[in-house]
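Using the sequences provided together with the hints, build the complete structure.
Be aware that the sequence shown starts at 217, since it is given in the working numbering, and climbs by one per residue.
Don't read these hints as lab results, they were simulated from the structure.
A few of these clues could be false.
Straight-line C-alpha distance at most 25 Å; calculated PhoX-like pairs for lysine-lysine [said to hold, decoys possible]: (1) 346 to 331; (2) 244 to 226; (3) 226 to 346; (4) 346 to 244; (5) 331 to 321.
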Amino acid sequence: MPLAVLLQNKMELRCLTDDAELVRAVQKLNLGVLPVQPPAFCYRRATRDDNRLSWAALVPGGAAGSVVGGAAIAELETERNGQRVVQLRTLAVEARYRRQGIGRKLVMQIIQQAKELEQGEDEEGSEEAKAVSCVRLHMHAGNEDALGFYTQLGFTEQARIEDYYRHLEPRTALVMQYTLP
Numbered sequence: 217m218p219l220a221v222l223l224q225n226k227m228e229l230r231c232l233t234d235d236a237e238l239v240r241a242v243q244k245l246n247l248g249v250l251p252v253q254p255p256a257f258c259y260r261r262a263t264r265d266d267n268r269l270s271w272a273a274l275v276p277g278g279a280a281g282s283v284v285g286g287a288a289i290a291e292l293e294t295e296r297n298g299q300r301v302v303q304l305r306t307l308a309v310e311a312r313y314r315r316q317g318i319g320r321k322l323v324m325q326i327i328q329q330a331k332e333l334e335q336g337e338d339e340e341g342s343e344e345a346k347a348v349s350c351v352r353l354h355m356h357a358g359n360e361d362a363l364g365f366y367t368q369l370g371f372t373e374q375a376r377i378e379d380y381y382r383h384l385e386p387r388t389a390l391v392m393q394y395t396l397p
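As structure tokens, this is what we get:
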């Protein structure tokens, strides 16, 4: 059976919240895949996220019966103007599982959750917060594959940040945004 069919039938998304072992597996995946590592606080926040916005894609294989083939870490933020935004901090898919729908499934899971997040109190607990307006991410300007991937999913470039990446060339980051209806 082709890998793509197997993954579509057997892939499982599992939330990182309250699963420290799974978070460690995601951290190991990111070490092998991402050119720039997220800060440790991203992993700590993922384990305690009440909104459950961070996910691992488990695929068949390994001694335990499944391995982490991909993962996404995201979190809800309230900006100074009160706008609520889901920030996609990382998306990583192991090379042998790319182009099999894992990244798409992870991002679409986060977009769907962002749409469903209920309005509630703001961080001070005093007034009702606005609905989530978008899913946003920063990506390396030189990563053409990622740019094509996010564009295909409906993300648009909102800004460029010069000198964002110190150890990559170009050093520019693109701010990509998926605006929620």
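Hint check results:
Taken as a hint, the residue 346 and residue 331 pair is honoured in the structure, with Cα atoms around 12 Å apart against an allowance of 25 Å. A hinted pair counts as satisfied when its Cα atoms are at most 25 Å apart, and residue 244 with residue 226 qualifies at roughly 22 Å. A hinted pair counts as satisfied when its Cα atoms are at most 25 Å apart, and residue 226 with residue 346 does not qualify at roughly 37 Å. Under the criterion of a C-alpha separation no larger than 25 Å, the hint pairing residue 346 with residue 244 is inconsistent with the structure, at around 36 Å.
For the hint linking residue 331 to residue 321, the alpha-carbon distance of about 15 Å falls within 25 Å, and the restraint holds.
The structure fails hints 3, 4 (numbered hints given earlier, in ascending order).
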